[in-house]
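Visitor: Note that the protein sequences, when read in sequence, are chains A and B.
Heads up: the first sequence begins at 1 in UniProt numbering, then just goes up one per residue.
Heads up: the second sequence begins at 1 in UniProt numbering, then just goes up one per residue.
It is worth saying that the hints were derived from the structure and are not from the lab.
Hints may contain errors.
Stated by the list, open to error - To list a few chain B residues with every Cβ distance to chain A over 12 angstroms, as calculated:
#1 D10
#2 V18
#3 G38
#4 S50
#5 L63
#6 E72
#7 A89
#8 H110
#9 P112
#10 E119
#11 T123
#12 A147
Said to hold, decoys possible - Label pairs and their in silico Cβ distance ranges:
#13 B:Q139 - A:P33: 44 to 50 angstroms
#14 A:P61 - B:T143: 53 to 59 angstroms
#15 A:Q18 - B:D32: 26 to 32 angstroms
#16 A:G56 - B:A73: 56 to 62 angstroms
#17 B:P95 - A:L60: 31 to 37 angstroms
#18 A:N82 - B:Q11: 33 to 39 angstroms
Every residue, glycine too, gets a C-beta built ideally from N, C-alpha and C.
Read off the chains here:
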Amino acid sequence: MALISIDRERNLLIAEMQGLDKLWALKSRLEIPLAHVRGATHDPGIAHEPKGVRVGGTHLPGVITAGRFRRDGEWVFWDVKNPEKTVVVELADEESYDRLVVEVEDPRAAVALIEGALARDA
Amino acid sequence: MGRPRAFDTDQAVAAAAVLFAAHGFEGTSVDDLVSATGVHRGSLYKVFGSKRSLHLTTLRAHLEGEIRPAVEAVAGITDPGQALETAVARFDDGPAAGLLLLAAAERAPHDPEVAALVEEGVTALEGALRPSHGDDAPQLASTVLGARLRLRARPADPKEY
Numbered sequence: 001m002a003l004i005s006i007d008r009e010r011n012l013l014i015a016e017m018q019g020l021d022k023l024w025a026l027k028s029r030l031e032i033p034l035a036h037v038r039g040a041t042h043d044p045g046i047a048h049e050p051k052g053v054r055v056g057g058t059h060l061p062g063v064i065t066a067g068r069f070r071r072d073g074e075w076v077f078w079d080v081k082n083p084e085k086t087v088v089v090e091l092a093d094e095e096s097y098d099r100l101v102v103e104v105e106d107p108r109a110a111v112a113l114i115e116g117a118l119a120r121d122a
Numbered sequence: 001m002g003r004p005r006a007f008d009t010d011q012a013v014a015a016a017a018v019l020f021a022a023h024g025f026e027g028t029s030v031d032d033l034v035s036a037t038g039v040h041r042g043s044l045y046k047v048f049g050s051k052r053s054l055h056l057t058t059l060r061a062h063l064e065g066e067i068r069p070a071v072e073a074v075a076g077i078t079d080p081g082q083a084l085e086t087a088v089a090r091f092d093d094g095p096a097a098g099l100l101l102l103a104a105a106e107r108a109p110h111d112p113e114v115a116a117l118v119e120e121g122v123t124a125l126e127g128a129l130r131p132s133h134g135d136d137a138p139q140l141a142s143t144v145l146g147a148r149l150r151l152r153a154r155p156a157d158p159k160e161y
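Can you make the complete structure from the sequences, with help from the hints?
Guide: Set out below in structure tokens:
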């Protein structure tokens, strides 16, 4: 589970891994400039697709997917236990990850927060 | 980065528009979009960024490819009855018929960008009805939207659920 917030002063999207997910994902916090965020989508189905190769982190299929994964030449950061609450954040080429796939408490609210911040930014 | 784009963007947008027009924004999942467009999930995200952004792209394409030719046809008619009839038959029609109407009802209250695109479509309709109906054009535009809504509310094929 990740807590997503927007830092309006520094124009950043911040994803903070909650609890033990910090350990599973080998990452406690990601900060992405809003200008490098292309969009957010509630996508429960993505968790049922192959994750690719785990490069760092934890993968217990059906239990947890957390950390860095590489698939089809793309870098994807995962932190998902419950696929139903998965949000996909697509990032620009400048970022080291192509996308973040994270579980959040309220997918609808998280997507609205991110997409709203982008619309304001534009 | 990533694999090269190996699909026709316009075709993917057209297929997505049909889905959004049939099931709405919330009712269309990324799984639905992946199956209908035949495009890999990763490529969909890479090209469009998000489901919302793809939805906006379908709306813009619908305005350009369906709404614009329809209102141009209406604008060329001076007979009031015929202009109204053509508008009811052709506004927001095509393979993704109702995309604008559904976006107006579902997304426009939450999304200023959708609201602006809906406004663009309705304003174009008003403008097209002006040559035939003068100052009554805004009222007639509302009549057209209402008629389209009633047409949509009628099941096309009762066997199809």
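Visitor: Please go over all the hints and tell whether each is borne out by the structure.
Guide: Outcome of the hint check:
no. : hint                               : in the structure
1   : D10                                : holds, 20 angstroms
2   : V18                                : holds, 19 angstroms
3   : G38                                : holds, 15 angstroms
4   : S50                                : violated, 3 angstroms
5   : L63                                : holds, 19 angstroms
6   : E72                                : holds, 30 angstroms
7   : A89                                : holds, 35 angstroms
8   : H110                               : violated, 8 angstroms
9   : P112                               : violated, 7 angstroms
10  : E119                               : holds, 16 angstroms
11  : T123                               : holds, 21 angstroms
12  : A147                               : holds, 32 angstroms
13  : B:Q139 - A:P33: 44 to 50 angstroms : holds, 48 angstroms
14  : A:P61 - B:T143: 53 to 59 angstroms : holds, 57 angstroms
15  : A:Q18 - B:D32: 26 to 32 angstroms  : holds, 30 angstroms
16  : A:G56 - B:A73: 56 to 62 angstroms  : holds, 59 angstroms
17  : B:P95 - A:L60: 31 to 37 angstroms  : violated, 44 angstroms
18  : A:N82 - B:Q11: 33 to 39 angstroms  : holds, 34 angstroms
Violated hints, in rising order: 4, 8, 9, 17; the structure is consistent with all others.
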